[in-house]
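Novice: Take a look at the letters that make up each chain.
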Amino acid sequence: MTDYYVRSAAAGTGTGADWTNAFTTITAALAVATNASKIYVADDHAVTAGAAITWTCPTSPGLQILGVNTHTSTPPTGLASTPSAVEQVGASSSAFSIAGYAYIEGLKIVSATNNSAAAVMNIGSGNLGHGLVLKNCILQLGNTGNAGSLISVGPAINSSVKDVSIELRDCNFKFNNAVQTIRLQGGLIEMRGCSIDAAGSTPTTLFTRLAAGVVKGLVQDCDLSGVSFTNLIDISTACSGDIIFRNSKVPSSVSVTTGSMTGPGSGVVHFQNCDSSGTNYRLADVSYAGSILSETTIVCTGGATDGATSLSWKMVTKASSAYPATPLYSPQIAVWNDTTGSSVTATIEIVHDSVGAGAAGALQNDEIWIEVDYISSSGTPLGARIDNKKSTVLTTAADQASSSATWTTTGIVTPLKQKLSVTFTPQLKGFILAKVVLAKASKTVYISPRLTDLPGNSVNQRQIPGDVYVNEISGGGMILTRLQTGM
Amino acid sequence: MIVSSTFVVDDYAQADGRRYVTETHVDGNGESITLSYLANIDADYDAILVAHAQGISALQAEVMGD
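So the sequence lines, in the order shown, correspond to chains A and B. Those letters in the first sequence? Residues 1 to 487, by our numbering. Those letters in the second sequence? Residues 1 to 66, by our numbering.
Errors might be hidden in some of the hints.
Only some residues are given here: those of chain B computed to face chain A with a beta carbon under 8 Å [claimed, not checked]:
| hint | residue |
| --- | --- |
| 1 | Val8 |
| 2 | Val9 |
| 3 | Tyr12 |
| 4 | Ala13 |
| 5 | Ala15 |
| 6 | Gly30 |
| 7 | Ser32 |
| 8 | Ala39 |
| 9 | Asn40 |
| 10 | Val50 |
| 11 | His52 |
In silico SDA-like cross-links for lysine to any residue, where the CA-CA straight-line distance does not exceed 20 Å [claimed, not checked]:
| hint | chain 1 | residue 1 | chain 2 | residue 2 |
| --- | --- | --- | --- | --- |
| 12 | A | Lys318 | B | Ile41 |
| 13 | A | Lys314 | B | Asp10 |
| 14 | A | Lys318 | B | Thr34 |
| 15 | A | Lys135 | B | Thr22 |
| 16 | A | Lys249 | B | Gly17 |
| 17 | A | Lys249 | B | Ser36 |
| 18 | A | Lys314 | B | Asp16 |
| 19 | A | Lys318 | B | Asn40 |
| 20 | A | Lys162 | A | Leu128 |
| 21 | A | Lys318 | B | Tyr45 |
| 22 | A | Lys162 | B | Ser36 |
| 23 | A | Lys417 | B | Gly17 |
| 24 | A | Lys314 | B | Ser36 |
| 25 | A | Lys249 | B | Tyr20 |
| 26 | A | Lys314 | A | Ser343 |
| 27 | A | Lys314 | B | Val21 |
| 28 | A | Lys314 | B | Tyr12 |
| 29 | A | Lys249 | B | Arg19 |
| 30 | A | Lys249 | B | Ser5 |
| 31 | A | Lys249 | B | Asp10 |
| 32 | A | Lys249 | B | Ile41 |
| 33 | A | Lys318 | B | Ala15 |
| 34 | A | Lys249 | B | Asp16 |
| 35 | A | Lys318 | B | Ala13 |
| 36 | A | Lys314 | B | Glu31 |
| 37 | A | Lys318 | B | Ser36 |
| 38 | A | Lys249 | B | Asn40 |
Rather than coming from a laboratory, the hints here were simulated on the basis of the structure. Keep in mind the model is a prediction, meaning the values are calculated, not measured. Think of the CB as a built atom: it goes at the ideal place given N, C-alpha and C, for glycine as much as any other residue.
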């Protein structure tokens with residue numbers, strides 16, 4: 001294993017053997033480094049290239065590129081807490097690109113200052129595999145405009161691209177113009193603990209997607225409130241994949257999405273527990289079929305709650321929502337079940353403005369239904385799904401059951417309460433997972449995302465809709481169970 | 001460029017006093033852009049509308065000028 005030193009001010013032999021003889025650019029070190037190497041980058045390293053910068057990392061994992069807090073200690077013993085080592089493209093219509101497999105920490109990366117479509121920053125670009133982890137890095141767009149100027153994450157997916165995994169941890173982004181954005185292009189992309197420099201410009205739309213791209217994205221534990229952008233993500237590009245925003249701070253008055261998804265394969269944008277203030281229940285799901293928003297006024301008495309605030313979900317379908325192929329699915333509702341070998345009933349309460357095709361506007365079982373997954377085998381964790389939609393597409397639809405539940409129905413002219421219920425026999429203890437499916441175009445239905453009627457699900461249990469179930473132990477204490485929905 | 005912008009505020013507030021707002025921005029080509037957000041209690045809807053319109057116009061100007 002050979003480690004290398006990089007320092008722009010070095011005036012030695014340029015072998016990278018130590019600080020005196022360090023390489024003067026990271027690119028030079030990458031020409032000889034292997035996936036077993038560490039590349040130490042000096043705290044006073046500063047490169048302005050005047051041409052494209054391309055970091056081509058090894059084709060398998062292991063390489064570390066580390067911004068350290070010294071340019072004298074050999075070997076270094078501390079990392080730069082605030083990235084000071086910087087490489088920038090400078091005055092050139094060229095890209096800054098990073099490709100291959102590497103762990104990169106503590107560096108400042110700046111793209112070109114020329115207003116050019118080519119002046120982009122590419123993290124994971126090119127037809128090869130990418131496994132990049134950037135930790136505590138500053139990613140700054142250098143130019144002041146141009147629609148091409150962006151931070152692209154992941155490559156365009158084609159038959160030549162291999163596996164792609166890109167993690168951005170505790171990175172800070174700085175923009176220079178309203179048009180600039182972070183474009184999620186391809187692969188498994190994860191951003192955790194990232195932030196936006198308040199001293200930079202405010203992008204209109206923080207995230208965009210690449211045409212024909214395929215992304216599974218997670219943005220979690222990020223403080224995105226540094227600048228007050230208008231839109232969190234543009235969903236109008238024809239591409240595929242779910243994007244989850246979770247447990248993050250966002251500016252007030254931000255629109256979660258702009259544009260409309262082009263088809264069912266566009267995926268879902270999940271906005272889970274993100275807000276500008278201290279809430280723990282805010283939710284938004286946006287898909288081709290419609291949207292789902294957290295609601296705290298039109299709520300069911302005794303329904304879903306976080307323990308302090310009663311909650312419902314407002315499901316709003318678009319014209320594209322239709323039975324049987326393109327309905328709107330609610331987020332998953334999860335409850336732990338201890339009952340085995342005997343039948344249980346799971347119920348979801350709903351209310352709407354008499355928007356159904358049934359009697360007096362009741363929703364029918366080809367317009368809305370519940371789907372429940374449970375363990376149906378005692379010998380193995382083999383699951384099964386039960387629902388209460390009509391049995392076949394040719395079956396005559398029937399009204400879903402009416403309900404006597406109490407709802408606050410502010411603003412609903414002709415409220416009609418119904419319930420969605422299924423009865424089944426779990427054979428193993430485990431989670432019961434439910435979704436409400438709404439297949440009637442251009443309608444609004446409020447659902448209380450709490451599975452009622454289940455044994456033991458009425459006392460000392462609070463469900464935080466989305467992916468967390470809190471179960472208070474009768475003798476005190478609390479078990480917090482988190483289901484990993486999506487990622 | 002955005003040539004007209006309007007907003008509609010939900011008739012009722014959420015439990016914490018905030019309200020959902022839907023904005024519609026129309027550009028010079030007649031294309032409509034709809035945004036929805038959860039507004040703070042003391043939100044200046046007009047100022048937010050203007051800021052959003054400016055942001056969208058800036059984005060469109062750069063795209064068209066590329």
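Novice: Against each hint, give a clear statement of whether it holds in the structure.
Specialist: Taking the hints in turn, this is what the structure says about them:
For Val8/B, the interface hint is violated, the least distance from its beta-carbon to any beta-carbon of chain A being 13 Å, above 8 Å. Because the beta carbon of Val9/B sits about 12 Å from the nearest beta carbon in chain A, more than 8 Å, this interface hint is broken. Hint status for Tyr12/B: holds, given a least beta-carbon distance of 5 Å to chain A, under 8 Å. Because the beta carbon of Ala13/B sits about 7 Å from the nearest beta carbon in chain A, less than 8 Å, this interface hint is met.
Taking 8 Å as the C-beta contact cut-off toward chain A, the hint placing Ala15/B at the interface holds, the least distance being around 4 Å. For Gly30/B, the interface hint is violated, the least distance from its beta-carbon to any beta-carbon of chain A being 16 Å, above 8 Å. The interface hint given for Ser32/B is violated, since its Cβ lies 11 Å from the closest Cβ of chain A, which is over the 8 Å cut-off. Residue-level restraint check for Ala39/B holds (minimum Cβ-Cβ distance to chain A is 6 Å; threshold 8 Å).
Because the beta carbon of Asn40/B sits about 5 Å from the nearest beta carbon in chain A, less than 8 Å, this interface hint is met. With a least beta-carbon distance of about 11 Å to chain A, the hint placing Val50/B at the interface is violated under the 8 Å criterion. Annotation: interface hint on His52/B holds; nearest CB of chain A at approximately 5 Å, less than 8 Å. For a cut-off of 20 Å, the pair hint linking Lys318/A to Ile41/B is broken: about 28 Å separates their Cα positions.
Only pairs whose Cα atoms come within 20 Å are accepted, and Lys314/A paired with Asp10/B is accepted, the gap being roughly 13 Å. Taking the CA atoms of Lys318/A and Thr34/B, the gap is near 13 Å; set against the 20 Å cutoff, the hint holds. The straight-line distance between the Cα atoms of Lys135/A and Thr22/B is roughly 37 Å, outside the 20 Å bound, and the hint therefore fails. Simply put, Lys249/A and Gly17/B have alpha-carbon atoms about 19 Å apart, close enough for the 20 Å limit, and the pair holds.
Restraint check for Lys249/A and Ser36/B: satisfied, since their Cα atoms lie roughly 17 Å apart, inside the 20 Å limit. In summary, the hint linking Lys314/A to Asp16/B is supported, as the alpha carbons are separated by about 17 Å, within the 20 Å threshold. Of the pairs offered as hints, the one joining Lys318/A and Asn40/B is violated, with about 26 Å between alpha carbons and a cut-off of 20 Å exceeded. Only pairs whose Cα atoms come within 20 Å are accepted, and Lys162/A paired with Leu128/A is accepted, the gap being roughly 5 Å.
Between the alpha carbons of Lys318/A and Tyr45/B the distance comes to roughly 25 Å, so the proposed pair goes past 20 Å and is violated. The straight-line distance between the Cα atoms of Lys162/A and Ser36/B is roughly 38 Å, outside the 20 Å bound, and the hint therefore fails. Taking the CA atoms of Lys417/A and Gly17/B, the gap is about 25 Å. The hint is violated against a cut of 20 Å. Distance hint between Lys314/A and Ser36/B is fulfilled; the C-alpha atoms sit about 14 Å from each other, no more than 20 Å.
Taking the CA atoms of Lys249/A and Tyr20/B, the gap is near 18 Å; set against the 20 Å cutoff, the hint holds. The suggested pairing of Lys314/A with Ser343/A is violated, with an alpha-carbon distance near 30 Å, which exceeds 20 Å. Note on Lys314/A and Val21/B: the hinted pairing holds, with a Cα-Cα distance of about 14 Å set against a maximum of 20 Å. For the hint linking Lys314/A to Tyr12/B, the alpha-carbon distance of about 14 Å falls within 20 Å, and the restraint holds.
This hinted pair checks out: Lys249/A and Arg19/B have alpha carbons roughly 18 Å apart, not beyond 20 Å. Annotation: proposed proximity of Lys249/A to Ser5/B is violated, straight-line Cα distance about 27 Å (limit 20 Å). For the proposed pair Lys249/A and Asp10/B, the alpha carbon gap of about 23 Å is over 20 Å, so the pair is violated. Between Lys249/A and Ile41/B, the direct Cα distance comes to roughly 18 Å. Compliance with the 20 Å bound is thereby established for this hinted pair.
Proposed proximity of Lys318/A and Ala15/B is contradicted: the alpha carbons are some 26 Å apart, above 20 Å. With a C-alpha separation of about 17 Å, the suggested pair Lys249/A and Asp16/B falls inside the 20 Å cut-off, and the hint holds. Under the criterion of a C-alpha separation no larger than 20 Å, the hint pairing Lys318/A with Ala13/B is inconsistent with the structure, at around 23 Å. Under the criterion of a C-alpha separation no larger than 20 Å, the hint pairing Lys314/A with Glu31/B is inconsistent with the structure, at around 27 Å.
Restraint check for Lys318/A and Ser36/B: the C-alpha separation of about 15 Å stays at or below 20 Å, so the hint holds. Between Lys249/A and Asn40/B the CA atoms are separated by roughly 15 Å; this keeps the pair inside 20 Å, and the hint holds.
Going through the hint list in order, the structure does not satisfy hints 1, 2, 6, 7, 10, 12, 15, 19, 21, 22, 23, 26, 30, 31, 33, 35 and 36.
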